[in-house]
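Chemist: Same order as they appear, the protein sequences are chains C and Y. For what it's worth, the numbering used here labels the leading residue of the first sequence as 1, then goes sequentially. For what it's worth, the numbering used here labels the leading residue of the second sequence as 1, then goes sequentially.
Hints are not guaranteed to be accurate.
Since the list gives no way to pick out one identical chain from another, each pair is judged satisfied if it fits inside one copy or across any two copies.
[Said to hold, decoys possible] Calculated cross-link-like contacts (lysine-lysine; reagent style DSBU-like; alpha-carbon spacing at most 35 Å):
| id | residue 1 | residue 2 |
| --- | --- | --- |
| 1 | 64 | 100 |
| 2 | 100 | 51 |
| 3 | 172 | 16 |
| 4 | 181 | 29 |
| 5 | 95 | 181 |
Because the hints were derived from the structure by calculation, they are not lab data.
2 protein chains.
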Amino acid sequence: MSITHKLEVFRGRRIKLYVEEHLLPNGNKTLREVIRFPNSVVILPLITFDKIVLLYQYRPAIRKWIYELPAGIIEGNEDPDETASRELIEETGYKAGTLKQVFSMYLAPGYSTEYMYAFIAYDLKEVGAKPEPYEVIRREIISIDKALEMIKNHEIIDAKTIALILYYTYNKNNIISTLRK
Amino acid sequence: MSITHKLEVFRGRRIKLYVEEHLLPNGNKTLREVIRFPNSVVILPLITFDKIVLLYQYRPAIRKWIYELPAGIIEGNEDPDETASRELIEETGYKAGTLKQVFSMYLAPGYSTEYMYAFIAYDLKEVGAKPEPYEVIRREIISIDKALEMIKNHEIIDAKTIALILYYTYNKNNIISTLRK
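Please take these sequences and the hints and turn them into a complete structure.
Modeler: Written as structure tokens, this is what we have:
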């Protein structure tokens with residue numbers, strides 16, 4: 001359980017790539033290609049307890065438009081809730097009165113260090129979206145039931161979005177009672 | 001919505017890294033660091049409709065032991081259900097009588113092409129696990145209720161595992177009636 005060699009292969013704007021040799025807990029050695037990527041946030045913006053904001057977004061890496069919840073990278077010394085607040089405004093135009101972190105997750109722990117914090121945003125006020133020039137986004141307001149249907153129908157095919165919408169659905173009563181406090 | 005330049009930076013065992021210039025639907029150009037990664041599967045193995053197999057696994061990339069459902073990369077010309085069947089045996093020692101694909105997802109569509117197919121495995125027979133030398137895995141059989149508690153308590157912090165356990169919980173009645181056919 002230690003790194004016996006480490007080679008930096010690439011240092012980009014966001015991605016750093018390493019080839020690492022690891023000594024495993026079972027005594028074997030293994031060579032790994034590891035991406036170091038900043039940590040990040042995803043936000044479920046509640047217009048009401050039954051209506052959410054969903055984005056339809058062009059993603060160059062996969063050459064596709066997909067549905068996603070607002071999300072983004074933690075910049076500099078931000079706390080995750082500062083990132084959540086900032087990304088929510090930039091991508092949806094809503095400022096959250098209440099932001100509650102509910103869980104967190106590795107997205108691809110086999111090769112990427114990215115760790116993502118999941119938030120519920122409530123008590124929203126429109127202040128105007130500020131997308132970056134490279135962000136190509138359309139905003140939709142849909143019901144939670146519609147979102148669940150879109151997961152079943154394979155219209156929503158993004159892991160963080162599926163996880164957070166299902167988490168909210170499963171814990172809805174608890175979450176609502178916390179948001180109301 | 002076209003690629004105007006593409007530079008291969010690294011071609012490893014599993015990861016290929018490109019720097020790409022894209023022309024976006026809004027007319028702007030953007031430079032992206034893109035990981036090409038094989039597609040993959042994740043499997044929820046049902047011992048009964050209320051008991052699952054969960055792995056506790058050492059992940060060199062993040063230098064941590066984490067709880068995860070069995071998962072793996074689609075090799076060569078495999079169909080996703082062949083991969084699911086193979087990985088389930090290798091990682092848990094169970095052969096599935098019934099495998100049902102339920103949804104699919106991009107894990108990190110901002111920078112990785114990896115697309116993952118999610119399966120439910122049922123009607124399990126013990127045939128003996130065959131872990132790779134670099135796989136360091138412990139197997140646990142736990143109830144779905146315990147797994148849901150572990151998501152709430154931040155003991156399960158893996159996106160694919162959270163998404164698939166919550167999906168099964170939300171669609172349990174439908175899924176069970178399909179598996180019984």
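Chemist: One pair to classify: residue 64 and residue 100, alpha carbons no more than 35 Å apart. Within, between, both, or neither?
Modeler: Result: close both inside a copy and across copies, 30 Å intra and 26 Å inter.
Chemist: Tell me, please, which holds for residue 100 and residue 51 at an alpha-carbon limit of 35 Å: within, between, both or neither?
Modeler: both (17 Å within a copy, 31 Å between copies)
Chemist: Regarding residue 181 and residue 29, is the shortest C-alpha distance of 35 Å or less found within a copy, between copies, in both, or in neither?
Modeler: Neither way: residue 181 and residue 29 sit 52 Å apart in one copy and 45 Å across, limit 35 Å.
Chemist: Cα distance capped at 35 Å. Does residue 172 pair with residue 16 within a copy, between copies, both, or neither?
Modeler: neither (38 Å within a copy, 40 Å between copies)
Chemist: Treating 35 Å as the Cα threshold, decide for residue 95 and residue 181: within, between, both or neither.
Modeler: within (19 Å within a copy, 49 Å between copies)
Hint compliance for this structure: hints 3 and 4 are broken, all remaining hints hold.
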